[in-house]
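Read top to bottom, the protein sequences are chains A and D.
Per the numbering used here, the first sequence starts with residue 131, numbered consecutively.
Per the numbering used here, the second sequence starts with residue 131, numbered consecutively.
Treat the hints with caution; some may be incorrect.
Said to hold, decoys possible - Label pairs and their calculated CB-CB ranges:
#: 1; chain 1: A; residue 1: Ser-458; chain 2: D; residue 2: Phe-494; range: 33 to 39 Å
#: 2; chain 1: D; residue 1: Gln-313; chain 2: A; residue 2: Ser-370; range: 57 to 63 Å
#: 3; chain 1: A; residue 1: Glu-519; chain 2: D; residue 2: Ser-500; range: 34 to 40 Å
#: 4; chain 1: A; residue 1: Tyr-526; chain 2: D; residue 2: Leu-455; range: 39 to 45 Å
#: 5; chain 1: A; residue 1: Leu-279; chain 2: D; residue 2: Asn-490; range: 54 to 60 Å
#: 6; chain 1: A; residue 1: Gln-367; chain 2: D; residue 2: His-414; range: 23 to 29 Å
#: 7; chain 1: A; residue 1: Ser-289; chain 2: D; residue 2: Glu-514; range: 39 to 45 Å
#: 8; chain 1: A; residue 1: Glu-519; chain 2: D; residue 2: Asp-287; range: 42 to 48 Å
#: 9; chain 1: A; residue 1: Ser-410; chain 2: D; residue 2: Gly-515; range: 17 to 23 Å
Claimed, not checked - Counterexamples of contact, computed for chain A against chain D with all Cβ distances above 12 Å:
#: 10; residue: Glu-153
#: 11; residue: Ala-209
#: 12; residue: Arg-236
#: 13; residue: Leu-260
#: 14; residue: Arg-339
#: 15; residue: Lys-340
#: 16; residue: Glu-346
#: 17; residue: Gln-383
#: 18; residue: Val-387
#: 19; residue: Asn-406
#: 20; residue: Asn-416
#: 21; residue: Leu-476
#: 22; residue: Ile-479
#: 23; residue: Ser-506
Please keep in mind that the hints were generated in silico from the structure rather than gathered at the bench.
These numbers were taken from a predicted model, which means no experiment stands behind them.
Beta carbons: idealized from backbone N, C-alpha and C, even for Gly.
Number of protein chains: 2
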Amino acid sequence: MKTAGVVVEYNPFHNGHLYHLEETKKATGADIVVAVMSGSFLQRGEPALVDKWSRTSMALQNGVDIVIELPYVYSTQKAEIFAKGAVSLLSEMGVDELCFGSEAGRIEDFRKTMAFIKENEKRYNDQIQLYMNEGNSYPKSASLAFQSLQDHEDVLDLSLPNNILGYQYVKAIDELRSPMEAQTILRTKAGYHDEDFQDKKIASATAIRKKLVNDEPKSVKSYVPDPTFNELKHFYQSHSTFHGWHRLYPLLQYKLVTSSQSELKAIYEAEEGLENRLVSAAKHSNDFLTFMEAIKTKRYTWTRLQRFALHILTNTRKDEMRPALEGSEAPYLRLLGMSSGGRKYLNKIKSSLTVPLVANVNQFDHPFLSIEKRVSEVYALGFEGEAKEEFLKKEYQTSPIIL
Amino acid sequence: MKTAGVVVEYNPFHNGHLYHLEETKKATGADIVVAVMSGSFLQRGEPALVDKWSRTSMALQNGVDIVIELPYVYSTQKAEIFAKGAVSLLSEMGVDELCFGSEAGRIEDFRKTMAFIKENEKRYNDQIQLYMNEGNSYPKSASLAFQSLQDHEDVLDLSLPNNILGYQYVKAIDELRSPMEAQTILRTKAGYHDEDFQDKKIASATAIRKKLVNDEPKSVKSYVPDPTFNELKHFYQSHSTFHGWHRLYPLLQYKLVTSSQSELKAIYEAEEGLENRLVSAAKHSNDFLTFMEAIKTKRYTWTRLQRFALHILTNTRKDEMRPALEGSEAPYLRLLGMSSGGRKYLNKIKSSLTVPLVANVNQFDHPFLSIEKRVSEVYALGFEGEAKEEFLKKEYQTSPIIL
Chain A
131 MKTAGVVVEY NPFHNGHLYH LEETKKATGA DIVVAVMSGS FLQRGEPALV
181 DKWSRTSMAL QNGVDIVIEL PYVYSTQKAE IFAKGAVSLL SEMGVDELCF
231 GSEAGRIEDF RKTMAFIKEN EKRYNDQIQL YMNEGNSYPK SASLAFQSLQ
281 DHEDVLDLSL PNNILGYQYV KAIDELRSPM EAQTILRTKA GYHDEDFQDK
331 KIASATAIRK KLVNDEPKSV KSYVPDPTFN ELKHFYQSHS TFHGWHRLYP
381 LLQYKLVTSS QSELKAIYEA EEGLENRLVS AAKHSNDFLT FMEAIKTKRY
431 TWTRLQRFAL HILTNTRKDE MRPALEGSEA PYLRLLGMSS GGRKYLNKIK
481 SSLTVPLVAN VNQFDHPFLS IEKRVSEVYA LGFEGEAKEE FLKKEYQTSP
531 IIL
Chain D
131 MKTAGVVVEY NPFHNGHLYH LEETKKATGA DIVVAVMSGS FLQRGEPALV
181 DKWSRTSMAL QNGVDIVIEL PYVYSTQKAE IFAKGAVSLL SEMGVDELCF
231 GSEAGRIEDF RKTMAFIKEN EKRYNDQIQL YMNEGNSYPK SASLAFQSLQ
281 DHEDVLDLSL PNNILGYQYV KAIDELRSPM EAQTILRTKA GYHDEDFQDK
331 KIASATAIRK KLVNDEPKSV KSYVPDPTFN ELKHFYQSHS TFHGWHRLYP
381 LLQYKLVTSS QSELKAIYEA EEGLENRLVS AAKHSNDFLT FMEAIKTKRY
431 TWTRLQRFAL HILTNTRKDE MRPALEGSEA PYLRLLGMSS GGRKYLNKIK
481 SSLTVPLVAN VNQFDHPFLS IEKRVSEVYA LGFEGEAKEE FLKKEYQTSP
531 IIL
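Just chain A, same shape as in the assembly (with noise of 0.2 Å):
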């Protein structure tokens, strides 16, 4: 039996993710296809359009096998901690190949760029530094570093997203010395960011996201399979509304005015004062968007304080998140669902794990599973009524999606 893994969030899957993960199947040859998927919350730092059960239903009926939730304390980080955080679940899984979709399309360029990266680390850092004090984040300031450095002109392109994801995993698998291989997939069509639908099939998630904000789900029926447009239409009959950072900005805004200033320092991710510049906002800002306006700035990017906006939301606190970034290992494996190949899968697999398999939250403590806890309670606040008790039923009680 051959295993592939693949990281995703599918908020939610579509036609792109379909592509790619029967792309991953012929590429690989893989039996078993494991997605590890972020839960409630995602790298953006927005709450999932859809529940995490929801997602991982249409993960199933698409052709995955085995869904393991991606964390809290990684599913919300720069890429460097996401994929150390992915891969060692993966890895611990016993995942033969992790397969991701990149721009480049071709494996050699990520290793190629690890080697060089690794021989000129310090210079590389040291760029690094000089970009982020002319006023860039780190990101951009990362890739201008790399680009200045390097000058083979068949090298890695990392200002583009899933490249620099792609490295990360790359670079973890090296670290991690997990036994696992990477393969990637050129991405087609519709870029990470687009924001348009250019095709009519294949739109980017963002795209498919935007356009449900305000219209139904019918809107996207022809850019995602149909397992996904009846899990969307479901939840759009009992909750009417896509979950989203409108329906939890109102807390955000009491917590930010709420707290003291030894409680917002002592969050994930506040430095340099930028807490006060939150506080501030929230104080005007009557919407999430008008309150992301207000703080933006060119020292950070849109992506790094709608992270440090959630984990004040979720009072996620740098002691927390501390073991996250210094550990390598996979803390748990918590099953969201499965087929029956991935039934039998963990069968054979289950007595080589060497952390526990995790089907019901409340039989299994967790530093990380309790912080996964709070952020559902969380996520649960933005729905109403009888759709929360809903998602908190299955949160805690409902044994893993069998399919």
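Mind docking chain D on chain A? Use the hints.
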């Protein structure tokens, strides 16, 4: 110029308050009435039905000359601290005679009781502890202890809420060595806690608030003076609802599910793990009443629990409250409003004030005023859109209301 002082919430100002105000003027022969009035949050641990500006306006239109804000650090406390704060402000304002309503109605009873308790302090405190050990709340234990110790028939019934408050006023005047006299007026008809309308013109504030939860202002027209009715109508027109815990419960719920144990333990009035009881109730209660029903016990009064919930909501910590418990001097005098008579009086006494008279909160700093601003931000979150802006504008920019 003779000055009388009253301590009020005016939530809202009703015919019973008008009666008390007129009797106060008769009994004291005062030219000027100074009211110390609670701001956004009240002694029972609740947000005020209508904001302090509207209530100040009611007070002035009904014959009060000067309205001074009772800071949150006093207004949301048990009788002893509440009274100490209020008395210190009235005393600083140079009030000649404090006049309060009571079930007893004779000032000698209060003096005798104070003397009796002073003489028997140790026995009294031991007896309170005994009743508390049996699982009774503090107010009930104090009342039982007092009954068990005294054998006079004409002594004060300390199980009645206005007698308790009055006793604490008399005691505070004594302890602060204030030259202020005390005077009491027999409360008639509607008891403080009566929830029904037993009279055609007089109803308790509790009964009036209860009516306004489900009904429009006209339902209470006959129980309030015209200026109150007009203020209520105006408020209802711009907010479509009155303020109350129902407007703030989602924020309390969020706060409880996201705070760490040590954060909650640091909140004022946290004791004996009570906070854990609130956390677990918050997870399962979708409205404030359900939440309160879930946490109530014989050990704590409803008011005590509601105040604790309020301090959690406003993130008011033990270390912030300590100065209010230990100090006995007025911190500052925040002027909410005045009549022309009130203005003359203020001009006369201005130079002899020993603490700042604050007309605009932006022009003065004090730890109690920082708490006041924070709790006002929370109070404001119970309003929507323009109503919120309007309230905060009054809070930060408008000068006191001048009649």
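Now the hints, each set against the structure:
| no. | hint | in the structure |
| --- | --- | --- |
| 1 | A:Ser-458 <-> D:Phe-494: 33 to 39 Å | violated, 53 Å |
| 2 | D:Gln-313 <-> A:Ser-370: 57 to 63 Å | holds, 59 Å |
| 3 | A:Glu-519 <-> D:Ser-500: 34 to 40 Å | holds, 39 Å |
| 4 | A:Tyr-526 <-> D:Leu-455: 39 to 45 Å | holds, 41 Å |
| 5 | A:Leu-279 <-> D:Asn-490: 54 to 60 Å | holds, 57 Å |
| 6 | A:Gln-367 <-> D:His-414: 23 to 29 Å | holds, 25 Å |
| 7 | A:Ser-289 <-> D:Glu-514: 39 to 45 Å | holds, 43 Å |
| 8 | A:Glu-519 <-> D:Asp-287: 42 to 48 Å | holds, 47 Å |
| 9 | A:Ser-410 <-> D:Gly-515: 17 to 23 Å | holds, 20 Å |
| 10 | Glu-153 | holds, 41 Å |
| 11 | Ala-209 | holds, 27 Å |
| 12 | Arg-236 | holds, 45 Å |
| 13 | Leu-260 | holds, 39 Å |
| 14 | Arg-339 | holds, 24 Å |
| 15 | Lys-340 | holds, 25 Å |
| 16 | Glu-346 | holds, 26 Å |
| 17 | Gln-383 | violated, 7 Å |
| 18 | Val-387 | violated, 4 Å |
| 19 | Asn-406 | holds, 15 Å |
| 20 | Asn-416 | violated, 7 Å |
| 21 | Leu-476 | holds, 31 Å |
| 22 | Ile-479 | holds, 35 Å |
| 23 | Ser-506 | violated, 10 Å |
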